[in-house]
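Protein chains: 2
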Amino acid sequence: MSWSEFGKRFARKTGARELMEDLGDALASDRDICMLGGGNPAHIPEIEALFTAEIERILGDEREYRRMFANYPSPAGEERFRSALADLFSREYGWNVSAKNIALTSGSQAGFFILFNLLAGQHPDGTFKKILLPVTPEYIGYQNLGLKEGMLSALKPSIQELGDHLFKYRLDVENLQIGDDIAALCVSRPTNPTGNVLTDAEMQQLMRAAQEANVPFIVDNAYGMPFPRILFTEAQPFWNENVIMCMSMSKLGLPGIRTGVIVANEATIDAISSVNSVLSLSVPSVGAVLLHDLVASGRILDVSENIIRPYYQAKMERALECVHEYFAGLDYRVHKPEGALFLWLWFPGLPITSNELYLRLRARDVLVLSGHNFFPGLQEEWTHRDECIRMTYSQDDGMVRRGIAAIAEEVRRAYE
Amino acid sequence: MSWSEFGKRFARKTGARELMEDLGDALASDRDICMLGGGNPAHIPEIEALFTAEIERILGDEREYRRMFANYPSPAGEERFRSALADLFSREYGWNVSAKNIALTSGSQAGFFILFNLLAGQHPDGTFKKILLPVTPEYIGYQNLGLKEGMLSALKPSIQELGDHLFKYRLDVENLQIGDDIAALCVSRPTNPTGNVLTDAEMQQLMRAAQEANVPFIVDNAYGMPFPRILFTEAQPFWNENVIMCMSMSKLGLPGIRTGVIVANEATIDAISSVNSVLSLSVPSVGAVLLHDLVASGRILDVSENIIRPYYQAKMERALECVHEYFAGLDYRVHKPEGALFLWLWFPGLPITSNELYLRLRARDVLVLSGHNFFPGLQEEWTHRDECIRMTYSQDDGMVRRGIAAIAEEVRRAYE
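Going down the list, the sequences are from chains G and W. Just remember that my numbering sits 17 ahead of the position in the first sequence, which is counted from 1. Just remember that my numbering sits 17 ahead of the position in the second sequence, which is counted from 1.
Quick caveat, the hints were computed from the structure, so don't treat them as lab data. Hints may be right or wrong, so weigh each one.
The list treats identical chains as interchangeable, and a pair is accepted whether it falls inside one copy or across any two copies.
Said to hold, decoys possible - Cross-link-like lysine-lysine pairs, in silico, DSSO-like; alpha carbons within 30 Å at most:
id, residue 1, residue 2
1, Lys185, Lys117
2, Lys30, Lys117
3, Lys25, Lys165
4, Lys117, Lys173
5, Lys185, Lys353
6, Lys332, Lys117
7, Lys25, Lys117
8, Lys165, Lys30
9, Lys165, Lys353
10, Lys353, Lys173
11, Lys185, Lys25
12, Lys25, Lys332
Owing to the predicted nature of the structure, the values given are computational and were not obtained by experimental measurement.
All chains should be modelled from the sequences, with the hints used to inform the complete structure.
Written out as structure tokens, the structure reads:
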């Protein structure tokens, strides 16, 4: 087959595809694979029971069934759900938003594809603009979204040592300069892959910088407030007309339904709706109908705060203990886990690259992700990039423990 | 907001968006709108009961629940379903396909976005290639898929008068020339919007022409065999390594789940998987798990043949009768309805454009689609384009009758 330029660019193997294939293979495999690689959410029994009950109610109601399965929604996504979500934001946070400020997408990733390409790349005036990631490490999925190469720009963070083998990436304010070639700022908070939660002060600095440069500030809130609230620290959610906030239903336990949410000014939502209608006519309604009553009643807040957050927090604490236990005597750091599903491990001076470590672990059926994938757009050389791995702690505790033991073994071996 | 070139191109209002908004507005409205505009499938009680039973079974089985909702599938789509579908094709049609020949997409439209842009547009060797639509009228959704303008080329059909106010578009073999600038051929069969089913002989001619030009032949089989089989004539399904066959779950009654299916050679499927992983990480699993048992057992064939097809055929026959009744005395033609959900009405010499007719009907809450939207890529002037409308007969019979009466009234008025 002869591919177009788009084909050449997008048909190649990317980090995101490697990740998704590892995940798919592991789920399909009969081997006993230690899956610490992907971002699959945990199977929380109370949540599964809750969603099952909601779907059963919907199946028993012809109108609701049709809304979920049998009708095309508007290009911006199922209208009633978008209204309910806008009401929740108004009620809880005082944001001045309506359904016109909300679009659904075929998963959060699809939302970033649309947003990055709407804003950055070749502009009609001949300029070429980029998305600035002000605090790497950042999400692997941003890497290859651009229709053109070179659509990302990124900054190194500063590193704050916190003692007890913990550290935290901080916004390097000194180097934050937003040139004319920047179309938008983007951060994930909680951050995938590090579990970092940028402080409220850092967020304010970024928001001001974006406003001064007259570019939007994209906040990837896939793990944050108000749901799924996989967040172990205080952090203020915020929105204004210059903020594009992105959310996901996946980390509630629903990755199979592919639904993302974008909250933005009306012009941006209108543009996203148009792109939705071209790219996929409309987006799935399953999640929008499934979550409607939970959002309309506000029960989703309680579920997130009292079921989902504590579940992950307990898993995080067990995983972290386990790391300290197995890594004793090694030179290691863990990013302070403030949210999301991951531990980000840093081995200063590791004699092999993190990618080599990934390959050695994969050879023994332990899947993690090499940290070098998580610096999309960063041009500078930095050995730190090759000294980190991301591991997921959302799965079975025994598996997580075995995985951590294997990582420690391979790290030790690298020094032999 | 300042949009990129992609933004300027995709954020505008398109025919597809107008259609989807009309549909969404009508479904959300409290007014009594006569919705003959969209392509929403009918709500067939037996089908809804069948799918409800399948979902209830899945909800009762933890593994199946997780497969449907709680796990990310591979970028090509849920593996087990793809295998079951490949087995069905092998068993029923003798096609030499495995799961590696099948990719799922976030709806059929998303599949066309990927395919058209993989194949056509700017190529690395500097050439610019197009998708050829050899028999217009063709599907409105193809119109704006290209990342670049001008990615479609199209041919006029010849018109075969069949008597009794019926006609049929035929492939104009004389004009079928495939130049170096053509990346692929594409037809919908049954055709949206006309209900045409290209004959087996025409399909063979197109297949040979594609093979000689060494370009793939894309067949949009959203309404065809083996499901949903909204097909009222004999037509042989076919596939080979040079054919890219696209299917949809929407017309089974599941537009809310957004799942398309592509059957193609392995290289094409591999490329689609990569694009899936960048565009949306993975595609929804809901439909793949919902339909698995029906496909694996072959029961989907029986359901399509004995429930879905006769349901639509009866609706089509009633709608056609109704047209003949209300249009008596007018100069009108109906495309022979051989499949899909539509009647395509042609008013030779209509004193107003079909778009004006659409607007007048919309003003009285009767939604149809103007025919001029369905000639994507056709450069030639042709008054025929402005003399046709598409109306859907899948909804309530009383509504269809009222709609047809209103169309006849407005057409008569146009001559006054």
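Do the hints match the structure? See the list:
1. Lys185 - Lys117: Neither: 37 Å inside a copy, 43 Å across copies.
2. Lys30 - Lys117: Close across copies (16 Å), not inside one copy (37 Å); limit 30 Å.
3. Lys25 - Lys165: both (11 Å within a copy, 16 Å between copies)
4. Lys117 - Lys173: Result: close neither inside a copy nor across copies, 36 Å intra and 41 Å inter.
5. Lys185 - Lys353: within (6 Å within a copy, 69 Å between copies)
6. Lys332 - Lys117: Classified as neither: same-chain Cα gap 38 Å, cross-chain 37 Å, threshold 30 Å.
7. Lys25 - Lys117: For Lys25 and Lys117, only the inter-copy Cα distance (20 Å) is at most 30 Å; the intra-copy one is 36 Å.
8. Lys165 - Lys30: Both, since 16 Å and 24 Å are each at most 30 Å.
9. Lys165 - Lys353: neither (35 Å within a copy, 45 Å between copies)
10. Lys353 - Lys173: Close inside one copy (18 Å), not across copies (65 Å); limit 30 Å.
11. Lys185 - Lys25: Neither: 38 Å inside a chain and 40 Å across chains, both beyond 30 Å.
12. Lys25 - Lys332: Cα proximity of Lys25 and Lys332: none, with 41 Å in one copy and 46 Å across.
Figure legend: structure checked against the earlier numbered hints; hints not met, in rising order: 1, 4, 6, 9, 11, 12.
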